[in-house]
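*Asks:* Chain order of the listed sequences is A and B. Just so it is clear: in the first sequence, position 185 is 212 by our numbering, and no numbers are missing. Just so it is clear: in the second sequence, position 540 is 554 by our numbering, and no numbers are missing.
To be clear, the hints were calculated from the coordinates, so they are not data collected in a lab. Note that the coordinates shown come from a computational prediction; the quantities given were computed from them, not determined experimentally. Wrong hints could be hidden among the right ones.
One-sided and incomplete, this derived list gives chain A residues near chain B with beta-carbon spacing under 10 angstroms [unchecked claim]: (1) A113; (2) V181; (3) V409.
The list that follows gives simulated cross-link-like pairs (lysine-lysine, DSSO-like), each with its CA atoms no further than 27 angstroms apart [what the hints assert, rightly or not]: (4) K190(B) / K290(B); (5) K361(B) / K46(A); (6) K543(B) / K112(A); (7) K38(B) / K163(A); (8) K411(A) / K521(B).
We put the CB at the ideal spot given by N, CA and C, even for glycine.
Single-letter residue listing:
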Amino acid sequence: MKKVTFYIDDQPCQAEDGKNFVDAAAENGISIPSLCYYPHIDPPLATCRVCTVAIGGQPRAACSLKVSEGLRVQVNTPDLIENRKAILELIFAEGNHFCPACEKSGDCDLQHLAYESGITYSRFPHTFVDRIVDFKPERLVIDHNRCILCKRCVEEFVTDSGKKVFSYHRRGGRTEVNVDYELEAEMSDKELTRAMRLCPVGAILLRGKSESRPFGDRKYDKPESQEAIPLTTPVEKPVVPAKKKVVATASLAGCFGCHMSMLDIDLGLLDLIELVSFDKSPLTDIKRFSRHVDIGLIEGGCCNSENIENLEYFREHCDILVSVGECAIWGGLPAMRNTISLEACLEEAYLHSPVTRNAQHIIPNHEDIPKILDRVYPCHEVVKIDYHIPGCPPSAQHIWKVVQNILFGTKYDVIYPEFKYD
Amino acid sequence: MFSHTFLLNQLWKIQHEEGYLSDKAIRLLSRQTGRSWVDLEGVISFYHFFRRKPAGRFLIFLNNSILSEFAGFPEVLKAFQESTGAHLNQTDPTDTFTLQMASCIGLSDVEPAALINWRPFINLTPEKVHHLIHQLKSGTDIDDLADRPLSDAYPNDEENKRLMIRPYQEGMAISKLIRMSPDEVIKEIMEAGLTGLGGAFFPTHLKWQSCRNQADPEKYIVCNADEGEPGTFKDRFLILKYPGLLLEGMITAGFAVGARQGVIYLRGEYQYLIPKIKDAIRHFKNEGWLGNDACGIPGFDFDIDLVIGAGAYICGEETALLESLEGHRGEPRPRVHYPTERGYLGKPTVVNNVETLCTAARILEQGFEPYLNTRHPDSPGTKLFSIAGDCLYPGIYEITWGITVGALLERCGAVDPYAIQISGPSGELIPASWKDRMLGLHDLRCGGSVMIYNRQRDLLQILQNYNRFFMQESCGVCTPCRAGNYMLSVQLRKMERGLASTEDVDKMNDWAKLMEYNSRCGLGQTAPKAIIQAAQRFPEIMDQHTRTKNAPFDLDLATSAYDRIINELR
Ligand SMILES: Cc1cc2nc3c(=O)[nH]c(=O)nc-3n(C[C@H](O)[C@H](O)[C@H](O)COP(=O)(O)O)c2cc1C
Ligand code: SF4
Ligand code: SF4
Ligand code: FES
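If we strip away everything but chain B, and leave its shape as in the complex, we get (with noise of 0.2 angstroms):
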């Protein structure tokens, strides 16, 4: 019997196979899964990368995140539409080519970056961009010119303190499992110290043990590859460079919590790395780490499985990640409890970052001293962190937390830094000059997103980008999130047109406050976080933006389709 988990992969299936989701297969699959139409044309229109349209030959997604703007998408996208004769969200005449926009997809160091029939294209140029859609119109394989998106990795330049970037040799980790206790494994992460690297800085261990302790024998360890906010590329390039580890971290998660079965949930942008994980699982199983009695380990049975999400940032959030993985619509659940209590299908879950259990693979791997010593009072161990912008040399970075600002803008090159966002659009904006903060659990925090803006950068384009990008990426179940985003939207256009009054200005921070506090899920309580700290901040730059008395009336706009239509008649 076809169960409704994993509709995702049935419909990326269909949709690989077909190029869309036709009437006829939404109409077979509602027979096959028991649902109505209405609730499969529900899910299908909740993502952005499910379509119910033929497309072209070639789907071209281009990213148009703040550092995409900053590096070039204007003229890239005025490439693209010139080359490939197709408008924005349309296909050309010839139906080659279909062009639309993606938010973030994980490349922010390549930038413009798109995806071209899910295969990614970096560091884009109008003259690439001809060449590339030249190329494709005469046949050559698209596989070979896609590019590879290996970002520059920076071991840690404590050479004493490297613990993630550094040679990785397969089944170390779990080979000590058999050895150990599920409560020894817990207490090693304990002791460890390890808080979940997703950006919620929530302890691991306390996670695993609540999971551990529930009746249901039923469990399930989900690893969430959702890496959606933008500017983070972390993951990704955990995945690329240590595969099998990070299904060495879901194993030793597995046999800490008593779970049977494992799932990476991995971002649709992402699925050049399909290959790459799944060569990674039938390896494992090959030499006995997966499976039966997994790891030589009698009675441990574990195995794990890949869902492809399709383009929404929302199910990077737990709870909608847990709706999105059974079948529904990401929309976050209500709190009453916890994935650890009931959560894939209503099953004890724990649902962890790629990084938190690659890190939980390394202490294990290396005990958890290593990770202490680098400890800074408060916050243990290191962090990757993603690194892009106006920099000399964006990647991946390792740091040890408790790394000052100045020191880290130091290590990257950053060229002539005003401002910085940290842990990405929802996460904080700070000013350059904070060069004695810290990051870490005690300071600023950092899920790893770090982009780095100059004194060129204009604040409130950047605010812009942001609030499409909520807009964009809301789930639409919750007022102050579905409504607020917009009316932020109105005030910001109103500065940007140089209309917009101090009591306009005001307004604004009291709607994002009321967002803030009102929404239901972290989405629609951070979305407006930037606005609020940019007048905090940055008072100098908000006030070019503003006139300090009230704007007349635009009678000129207002009149301009007036003006335009009986024109037109003339």
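Same shape as in the complex, but just chain A (with noise of 0.2 angstroms):
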């Protein structure tokens, strides 16, 4: 085939005419995020719309293009990269993604492309839609929590007779991949394999048989994949402060686990302390501000009015508020209650529940103890969040970095690895 020349963001690049121009920009180095587009599907799918990408300021979906000699695309503009980049986070605003739980954690699409973009945290308010996990399959599991609807299983899995294995379901917020039962329980090990692989989430998973590879040693978890952030910058030494800053934590709708990872920086904290001194926290077990703070580090979502009143508190004692791990940036693992209605909640808790040990069976209620909150909610819909540390929890390196970035303008560099929602 013919060899083309073509422009991206100005610069030459060459590729076969008429080749898709994702494969081609990638043949010439430059990565465009793609998630519904799969080779050989054609026409594209153009579903996600993660790849936009312009020609003359005009908006194109970068999987549905194709080179031809002289052709010009702005790619890698500021503008198209935090637009591909809220695009990102709306997918992950829609859906259920707990990667902490997820069988599909270091071998996704999703979670790849995230890290690669630098996402922090969702711009969008998460919409905890109910979206049921399918069971009804033989072998299959269908998380509709997790589908992002590319719709890459519905174009590709059609039976030799020209049937369709999956379909869209309803329309609009409300659409849903469902599977055909009577199709599915007829396809080979092989197929359904192929199918479990071809999600690009964790949405379609075979029983017994979710993921060989263990975590850690996982596609995207590789070291070949070991470069910084796109949000960081390369490493200086640290300047040595004249006055020392303070710090105060919390832990709000949380496991202690971000605290946990705080100490992991085990010796490093011998010199944290040369830096710092800290105000009211959990390990000094100071239980109110004794003067107003450099910097908050919150853990924990709120799930009740204490832990509003809470972050009140330290919004109103601290310069600078930091919602460290999932649980603070968006709920995290309480916020899977975010589905369920309070009431059914409480239900399944302090009545229902065959475990309660609860001879009255009654919801625990008094003046004295907190109100539970219709959901979890994320720090940032409470207070003001100046900055986000994703991770379940985050590493003590992604934690300390960011802290002395905040307090000591200290450049810093996350690497790949340290970089994670799980």
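Got two chains here, separate frames each, mind docking them using the hints?
*Replies:* And the structure:
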């Protein structure tokens, strides 16, 4: 095939005439985020819209473009990078992506793209729609919480006689992907495994065979991807400050895992206390603020009225407030209850549960105990949050690098494996 | 062999006969069509009007468009609930009435309006509803109760520029075809300067020429009678008043491009027009205007079929319409080929709006000079507007392009106008003070819908209504539209509750632009337009709903569920 010259952000590139633009860009060392794009599905599905680029300022889905001589495409302008990041955040907000509890973590295209684009939180409110996990198929499990409706499975799995195995169901925000139970039962193991692999996220699972590689050893955990993520700059020597800065921490609706992680810098802790001192914190057991502090680190979201008061108290006393970990950032695991009504949660916990040791079967309530909120709220929906450090928990390195950067302007560098949602 | 095309008609047939689409019916269809269960379920669940559960004897769809809201929707809904005993989206205990809502049903000039067993009922009031339901219960024939929705029609006020609303003599336009070549027909349309009147204003002759140029001998003419844009009802008017003219337009297009088959895709809301269309087709066949050697032209075989949609605004988008015609979910196709290259069943296809086809027939009938004579330097011709809302004389108007906003408001007797929605929620929200702006290709484009809002109307309520409409009607295929509309709804709700800060409003604007920029088809690209325009053009109104400083967390609301549960336990 004839080679043509085309331009990405004014840089000349070469590829075969008519080649898909996402592939052609990759050949030239430029990676364009894509989720629904699956090379041999033609015409491309163009459903996810994370690949948006521009021609002469007009938006186009990169996966639906073909290269031709002289084609000029804007790909990595600051606006386009930000635009694609926003679409990714939208995908996260729309589904229920509890990475720490997902079989596909580490092998997931969505998660990988989010790392690569340096997403620390979603600017959109999470929908927390109650989605089902469908266990009815013989061997597959379809977890609708994770499906991003890329349509790959719908287009790709058609029987020899032309029957669709998967199909969209309903429309608009209520769209979901369903599998045909009869046809699924007839599929070979090989086909089912292919279905699981084809799904860019963890929505299609094969029973008893979720993933072969262990965490830490998965597709996106591999050493080649140990590059710095885009929000970072190279490390420089910390400047030793004239005056110690003051830190406070809190654990709201979290598991103390983030606090454990803070302690995980081991001997680094000795260096750290040269630079900072602690005020109100479970680490010091100081209950009330004794002064105004420079930075507050919040673990956990808000699940009850006390969390709200505490968080507001922190906001009043801290110059800078940081959400540390998934629970603070968007609710995390406690937010799994957000798709269920409070009534049902309380009844299950205190009234109907077979393991409740609660002879009177009452829902605890007293003016001295905090009220449970209708759902778990991320911290930034309650007060203004200045920074977000993702992870469940974030690694110690990640936390302290960010804190030092904020307090002392230390340049820092978070490498790919340190940056995690799980 | 049962082909998967026209699946919609098949589904309608079953539903009309059995009341709903049962498992048994799907199994049978699956066998007949060779399509999987999940596939058919996917199609059925896409369309608002298809049911998988039995309904009551009377199936009520009450229109919830913004004009209906302003005309008394809440009271009418309450009256329906009280008189039928059915809750919304449910059937009453006696299985007599099922009550549902529908997006704009094309009766904007006579709101609130409803469809009961697919017959129109207009200008509803609580009293009228109670009376109506009483009559239905006591066995009065529904056809004796149904209204006849023939809108008031206002011919062009310039008498020499009446092109569409004027007496119609059947067969005049197509009688010219026998003396013309297809190229001459296309030339005539080109010289008139006709552009698509469905809202996109694409030059009609280019569309026809492109289809004509395709080598494939199998071509189609598709008439887009899906008219889903809230506020428009001009296509309904045309079909009701001049069904023959539409057929003549389709025959003309078929002759020009070399097609043998035409299909009218009629929205399900307009089912009461089916007899009109079918009668016209039968009559045209009898006259020899359809069928083999149509219009007496040797070798020109042309027929017209009718397919009925089932409650999906997106099916007005031409590629979604083609998907729907082929018996699929109405999801727009990715823009790779034009329908004129690969359209219905992958064959070259012209998709034209009802009014475009009717106008083409009028141009042929009267020659293109009258069309040109109306010419504003940049937009020739006249246009039908469906005008409704706060005006004394709602109805169908023929206007000459170039008319000013001020003149238009005067013509329809607008009462204390404040804002106007031109071209429907996906179009332009403008202040009524833009009196000197012109309607036309060169200035404000209008596909036909004109909704007038007076000073008492709440802009936020309008935006929330549009937002609900787009959430309901998004096909759900692409992320920005499927999820974006919801995100906008969250911000609008915040504004409604007085909890939105200026920062929240800025965010809403950013998100709206994100949708506009990234959505896959026209629906998602235009859905947030009114929000963006409201912020630009009505800042004072938006400010009224905005707190300047960050609003406190609403602890009362967040704990109200808990308080209620504890209270109930006590
Ligand atoms: C969301 C959406 C809805 C549409 N609805 C209609 C419609 O109801 N009727 C119509 O004629 N065109 C509608 N269109 C425009 C059609 O895609 C197409 O442009 C038109 O049918 C072409 O006919 P014309 O050139 O005669 O105007 C819609 C477009 C979009 C994006
Ligand atoms: S199940 Fe997976 S492959 Fe199928 S649409 Fe959802 S995310 Fe895509
Ligand atoms: S913008 Fe996307 S989701 Fe919305 S109707 Fe178009 S294709 Fe469907
Ligand atoms: S990869 Fe292009 S739209 Fe999904």
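*Asks:* In ascending order, which of the hints set out earlier in this document are inconsistent with the structure?
*Replies:* none
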